[in-house]
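Chains as they are written, first to last, in my numbering: chain A, 62 to 222; chain B, 87 to 639.
Careful: at least some of the hints might be erroneous.
These stretches of chain A come out as covered by chain B in the derived footprint (C-beta under 8 Å, 3 or more residues) [stated by the list, open to error]: (1) 96-107; (2) 173-181.
Below 20 Å or equal to it, Euclidean Cα-Cα: the simulated SDA-like pairs (lysine to any residue) are [claimed, not checked]: (3) B/K332 with A/D145; (4) B/K351 with A/F123; (5) B/K376 with A/D120; (6) B/K251 with A/T144; (7) B/K310 with A/D145; (8) B/K332 with A/G119; (9) B/K166 with B/E356; (10) B/K332 with A/D120; (11) B/K332 with B/G294; (12) B/K301 with B/I359; (13) B/K334 with A/T144; (14) B/K332 with A/R220; (15) B/K332 with A/T144; (16) B/K251 with A/F143; (17) B/K251 with A/D145; (18) B/K332 with B/I133; (19) B/K310 with A/D120; (20) B/K251 with A/F123; (21) B/K251 with B/D279.
Derived from the structure by calculation, the hints contain no laboratory data.
Bear in mind that the values here come from a model prediction, so they are computed numbers and not experimental data.
Glycine residues also receive a C-beta, built at the ideal position from the N, C-alpha and C atoms.
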Amino acid sequence: MPLLINRAVATEDNWLLVDADNVEAHLNEDIVVPFELFAELTETLLASEGGLGVQINGDQDFDLVLQNLQRLSLVAVEFPAFTDGRGFSFARILRRSGFTGQIRAVGDVSQDRLEYMERCGFDAFAIADERFSESMVQAFGEVSVHYQGCADDERPIFRQQ
Amino acid sequence: MYQYNEQDQSLINDRVAQYRDQTRRFLAGEIPDEEFRALRLMNGLYIQRQAPMLRIAVPYGLMNSTQVRKLADITRKYDKGYAHVTTRTNIQLNWPKLEEVPDILAELAEVQMHAIQTSGNCLRNTTTDHFAGIVPDEIEDPRPWCEIIRQWTTLHPEFAYLPRKFKIAVTGGPEDRAASQVHDIGLHLVKNDAGEVGFEVLVGGGLGRTPHIGKVIREFLPQKDLLTYLEAILRVYNLNGRRDNKYKARIKILVSALGVEEFAKLVEAEWDIIRDTETRLTDEHIDRIKGFFEPQPYAADAVDGLAVLGNQLEDDAEFRVWYERNTRDHKVAGYRAVIVSLKPHLKAPGDITDVQLDVVADLADKYNFGEIRSTHDQNLVLAHVAAGDLYNLWKSLNDNNLARPNIGTLTDMIVCPGFDFCSLANAHTLNVADQINQKFDDFDYIYDIGEIKLNMSGCINACGHHHVAHIGILGVDKKGEDFYQITLGGSSREDASLGKIIGKAIPQADVADTIETILQVYVEHRAEEERFIDTVRRIGVAPFKERVYAPVN
């Protein structure tokens, strides 16, 4: 699956998405853990040696992620549908909580939401093959003026310049 | 009114280019239908029963004559020579072609107009009182605040994919002509005990299949905290509003499920975190925006026209009737506000032709400082007409079928386009509006009935605001035939209330007769000078119900 990081096509992805069957085997590598598994094995995962990421969607307990931000290097936010906007607020809250790791949009991610996602704090985007094209990086910055502050620049237009 | 600077212009130009590319990719099969649906809706484009419908934003109902002329031109060039004013003061085109919409948007951008967020599950156009800035008991002109909110809502990256649509209305004082209590957020400018001006904040109002009156969640919000507080409400809603059922997705359902106290607690907790962020308003910004809404350069000698006007009113009965019905007080002596009736006999309520748009633009330039307002009741307003100009203005309006003296009366109906245009509608509305107009063609009778609000919707989505009308009519489909359910006692004003259903739906042919029966009951029961709504509130719906459903012998 193509991956954009910081507006460029990433050639490799160091992160491995694990599941209940293989998590033990990869504990000390850079892994992304689905939320349910993270909730179940929190202590073990926090004590592991590798990089740790959690994948969460809007129905899950975001607070558990926020409580453990210090140990996390990546948060993958899942968009179950094009119209589900909860992930935008998740990213915004992650950034205002001081999270500087990668925030990756996964699920229903396509060109026309990249700009808003980036403004809210996403810096990585996993895009399905059939929706990917090299030219989609042009979507960033399509609208150059921003009235409101957001994670990319907290200053609204009246505080800019 | 607000004037775009380079940045404002650049934003809408970019948006036109972006939407043009989205349309191109959709037509090339690169964007799935469902995804394009969300994108086009966020740009005001519906696919309707017969054609697409484009809803053009009119921020807080304020336009200049250049914009209105452009609208006239667009209806000629891309549509069928007419436009429709909506209850949220926007302008709809009923026949644009999907592939021409980017061109229409480019033309609109030339006059600082657009269709951004006029539909879809996002922050919609903010509306206000059509008499803003001219009513004497206003605490403050609400329009600068609407403009501040407009900027904040426009292309907001976090709140573009909300559970459901989100509408904000602002009033400048105790009177409410913006139906603010049936908005997702209603903001009322108020003064606290210390004499400071701020906002009373209501949340969770809305119509549709489960109508709610908004509830106060904050009695006084300092002005500078407006945007951070709105952000807190929107974040709580975006994270917690239901997404599993679109009929339960509006904020009103969340507020009533949590209870208003609990909802307010969540908002306050979020607000505590963000209230001192960069989004907090600055004096400089507030002053700059207020500078765009200074009073018009009124003529000191306008009062001299009052004597002439007095004579004209005496000499011309037809003019006098119009003056009494279609003009209102202005806080500056020698001026009146004129309501341009878009409720002519046997024409779709709220429609206006290209020729009429041009006429209104010319008249605005001649008599009204070039300003035109659209209203929640689907009319237009020329807000600052000098007394001495009223007679000539009236003649021009009258020549163009824009002076029917029916404002505030039974035939000044709010009506959605219904089954003739809308793909959501269950029943027709325009032919029923005609039926009512034919039945109640006698102005003496209409004036005797007095102030009354009749609204009609062609389906439960309630775009025609039937729940909050004194007489509400809701079209329903019964085995392929149009039937109409009647409610009494609703109001969208400061005394907001929801109408009560009087009984089973009636066949289409009986609607006007039934209204006549209801009005008979009113006339029999009314105390002296008592308005219809007050009689209904005093005696309840039972006497009306009894008469309407009385067995026929």
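Now the hints, each set against the structure:
no. : hint               : result
1   : 96-107             : violated (count 0)
2   : 173-181            : holds (count 7)
3   : B/K332 with A/D145 : 12 Å, holds
4   : B/K351 with A/F123 : 19 Å, holds
5   : B/K376 with A/D120 : 42 Å, violated
6   : B/K251 with A/T144 : 12 Å, holds
7   : B/K310 with A/D145 : 31 Å, violated
8   : B/K332 with A/G119 : 17 Å, holds
9   : B/K166 with B/E356 : 49 Å, violated
10  : B/K332 with A/D120 : 17 Å, holds
11  : B/K332 with B/G294 : 11 Å, holds
12  : B/K301 with B/I359 : 23 Å, violated
13  : B/K334 with A/T144 : 16 Å, holds
14  : B/K332 with A/R220 : 37 Å, violated
15  : B/K332 with A/T144 : 12 Å, holds
16  : B/K251 with A/F143 : 16 Å, holds
17  : B/K251 with A/D145 : 13 Å, holds
18  : B/K332 with B/I133 : 19 Å, holds
19  : B/K310 with A/D120 : 34 Å, violated
20  : B/K251 with A/F123 : 24 Å, violated
21  : B/K251 with B/D279 : 35 Å, violated
In this structure, the hints that do not hold are numbers 1, 5, 7, 9, 12, 14, 19, 20 and 21, in rising order.
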